[in-house]
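K.L.:
Here the protein sequences come in this chain order: A and B.
Here the working numbering is used: the first residue of the first sequence is 1, the next is one more, and so on.
Here the working numbering is used: the first residue of the second sequence is 120, the next is one more, and so on.
It should be emphasised that the hints constitute simulated quantities derived from the structure, not laboratory data.
All figures in this text were calculated on a predicted structure; none of them were measured in a lab.
Don't be surprised by glycine CBs; every beta carbon is placed ideally from N, CA and C.
One or more hints might be untrue.
In silico lysine to any residue, SDA-like type, Cα no more than 20 Å apart, as pairs [said to hold, decoys possible]:
#	chain 1	residue 1	chain 2	residue 2
1	B	217	A	19
2	B	217	A	8
3	A	102	B	220
4	B	217	A	17
5	B	217	A	72
6	B	217	A	55
7	B	217	A	110
8	B	129	B	265
9	B	217	A	2
10	B	217	B	129
11	B	217	A	28
Derived DEER-like restraints, expressed as beta-carbon distance ranges [stated by the list, open to error]:
#	chain 1	residue 1	chain 2	residue 2	range
12	B	128	A	3	32 to 42 Å
13	A	83	B	130	18 to 28 Å
14	B	246	A	71	21 to 31 Å
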Amino acid sequence: MTLDEAGDGWAVLSMPWDARLVGDPATGVIAGGAVSVLMDTASGAAVMSHPEAAGITATLDLRIDYMRPATPGQRLRARAECHHVTRTVAFVRATTFDDGEKPVAMSTGTFTVVREMTP
Amino acid sequence: MTPEPVQVVKQRRDAALAALVAGVPYIGFLGIRFDRRGDELTAILPYQDMLIGNPMLPALHGGVTAAFLEVASIVELAWQIQWRDVEAGGAPLPELPKTIGITVDYLRSGLPRDAYARARVNRSGRRYASVHVEAWQDNRTRLFAQATGHFLMPEGG
């Protein structure tokens, strides 16, 4: 899994297809769980790259919708964005694509925000 | 007719479960195992350093926790089909249910030690199934995560 890009409150992470990550041996499709790991990590990275959040976060909840199976052999890219940040909570959406035009999966999550202690 | 010896029954059920679990590479990748009491399954995620998301705390990765709960749900659903088939005399490996969506609540941070999960099928229809799954570590009553997922059942399941 690699961090490809990141900016203020957003991040793009990707991972290659790998036989060890397959969830359904009949089709070679990557396990939903592996896609969850990618999106949770991307969402966490988006929070950590937010200017108002210190570099630490934890997932409070995460809802994931799997829209279609990821095409075997293709790299998966997840783009996550903090669409709202309060003093204590970040609201983050993420979308995962393979080489196709339509998304593979989408997630909505909330993450803890730890503000930098003022001296 | 004399009942079958207990070892024969046990061996058959354990073999069916082992075949189901061994068929999924991702289960082996995370190192998840399943404990069986009759038809009841408990998923076990043995601790490994690679499962840590935040080395500063350290805490289990949120994505890994989600993956663990999802695996526990899918295996529970497939096992219910498998169990019915095994008890009926045949034991073809069932096609696996597909995840439509799952919502995970993180109740406490996952500690760097083994985790357990048990899934309960709340509804299993011809097409869709709804599953609730709970995960804990040291104390069964102190859950560190829970999830509700919806799954697409295999044709003819």
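K.L.:
Would you mind confirming whether the straight-line C-alpha gap from residue 217 (chain B) to residue 28 (chain A) stays at or under 20 Å?
P.N.:
13 Å, holds
K.L.:
Straight-line Cα separation of residue 217 (chain B) and residue 2 (chain A) no greater than 20 Å?
P.N.:
27 Å, violated
K.L.:
Please verify whether residue 102 (chain A) and residue 220 (chain B) have alpha carbons no more than 20 Å apart.
P.N.:
Satisfied, since the Cα-Cα distance of roughly 17 Å is no more than 20 Å.
K.L.:
Does residue 129 (chain B) pair with residue 265 (chain B) here, judged by a C-alpha cut-off of 20 Å?
P.N.:
Cα-Cα ~30 Å, so violated.
K.L.:
Would you mind confirming whether the straight-line C-alpha gap from residue 217 (chain B) to residue 19 (chain A) stays at or under 20 Å?
P.N.:
18 Å, holds
K.L.:
Is 18 to 28 Å a correct range for the gap between the Cβ atoms of residue 83 (chain A) and residue 130 (chain B)?
P.N.:
Given a distance of about 54 Å, which is not inside 18 to 28 Å, the answer is violated.
K.L.:
Has the given pair, residue 217 (chain B) with residue 72 (chain A), been kept, meaning a C-alpha gap of at most 20 Å?
P.N.:
16 Å, holds
K.L.:
Given the hint that residue 217 (chain B) pairs with residue 55 (chain A), does the C-alpha gap stay at or below 20 Å?
P.N.:
35 Å, violated
K.L.:
So the hint says 21 to 31 Å: do the beta-carbon atoms of residue 246 (chain B) and residue 71 (chain A) match that?
P.N.:
For residue 246 (chain B) and residue 71 (chain A) the Cβ distance comes to about 24 Å; the hint holds.
K.L.:
Can you confirm whether the C-alpha distance between residue 217 (chain B) and residue 110 (chain A) stays at or below 20 Å?
P.N.:
25 Å, violated
K.L.:
Against the 20 Å threshold, does the CA-CA distance of residue 217 (chain B) and residue 8 (chain A) hold or violate the hint?
P.N.:
Measuring from Cα to Cα gives roughly 35 Å; hence the hint is violated.
K.L.:
Assuming the hint says 32 to 42 Å, is it satisfied by the Cβ distance from residue 128 (chain B) to residue 3 (chain A) or not?
P.N.:
51 Å, violated
The structure does not agree with the numbered hints 2, 6, 7, 8, 9, 10, 12, 13 stated previously, though it agrees with the rest.
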